[in-house]
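Below are the chains, spelled out letter by letter.
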Amino acid sequence: AAGVIQSPRHLIKEKRETATLKCYPIPRHDTVYWYQQGPGQDPQFLISFYEKMQSDKGSIPDRFSAQQFSDYHSELNMSSLELGDSALYFCASSLFSGTGLLEEYSGANVLTFGAGSRLTVL
Amino acid sequence: DAKTTQPNSMESNEEEPVHLPCNHSTISGTDYIHWYRQLPSQGPEYVIHGLTSNVNNRMASLAIAEDRKSSTLILHRATLRDAAVYYCILRDEKSNFGNEKLTFGTGTRLTIIP
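Residue numbers (my numbering), protein chains in the order written: chain A, 30 to 151; chain B, 5 to 118.
Treat the hints with care, since some could be wrong.
Unchecked claim - List of simulated lysine-lysine pairs, DSSO-like, C-alpha gap at most 30 angstroms:
no.: 1; chain 1: B; residue 1: K7; chain 2: A; residue 2: K42
no.: 2; chain 1: A; residue 1: K51; chain 2: A; residue 2: K86
no.: 3; chain 1: A; residue 1: K86; chain 2: B; residue 2: K73
Please keep in mind that the hints were generated in silico from the structure rather than gathered at the bench.
My request is simple: use the sequences and hints to build the entire structure.
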């Protein structure tokens, strides 16, 4: 079965440079999530998109931005990189199983994660 | 989201059952109990979830207390490949589309002894 694809798997940048991470969700999944995991830390939610619109926002720095494109892939752009941005960045996708009406909920939805992109800032 | 409490670490012998506890005393009636695990250098992986009744799948079983204030993930026969950090996460059933993120707390690091 197709999984969540992330690229690049490894990226090395200098301070103050810019980095872009890409995420290709499972086909037909409509929601993408980005997480950051620092060394020895638990994954922290950054941002999510549903049907190409930002749907939720976590502790994402202002230097970071993201979007979801018409083919549902997503990109996380990080500018003015700092040493503290060195981390694993995970993308996950899910399919909302409700009807899309506000009355329909699905807390049971499962997230499928990619293998991650390791960013090292020197 | 309601908070969960798990032991920081556990050890188990290979080929023996493992019971991973999770306390969630402030769980609401609409919270699903999700379990994910993260193997070394990999992304988190779904294990199992449930609402009120015990659940079984090919990976594990989930036993939910009658008052739902605690649950236990059961690995029936641990292998070395089960060594991972296991996260117990509550997710509100009333999660709107696009707002279904998982909030990871501090999970349990499971070590399997050969």
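Verification of the hints:
Annotation: proposed proximity of K7(B) to K42(A) is violated, straight-line Cα distance about 36 angstroms (limit 30 angstroms). Restraint check for K51(A) and K86(A): satisfied, since their Cα atoms lie roughly 18 angstroms apart, inside the 30 angstroms limit. Taking the CA atoms of K86(A) and K73(B), the gap is near 29 angstroms; set against the 30 angstroms cutoff, the hint holds.
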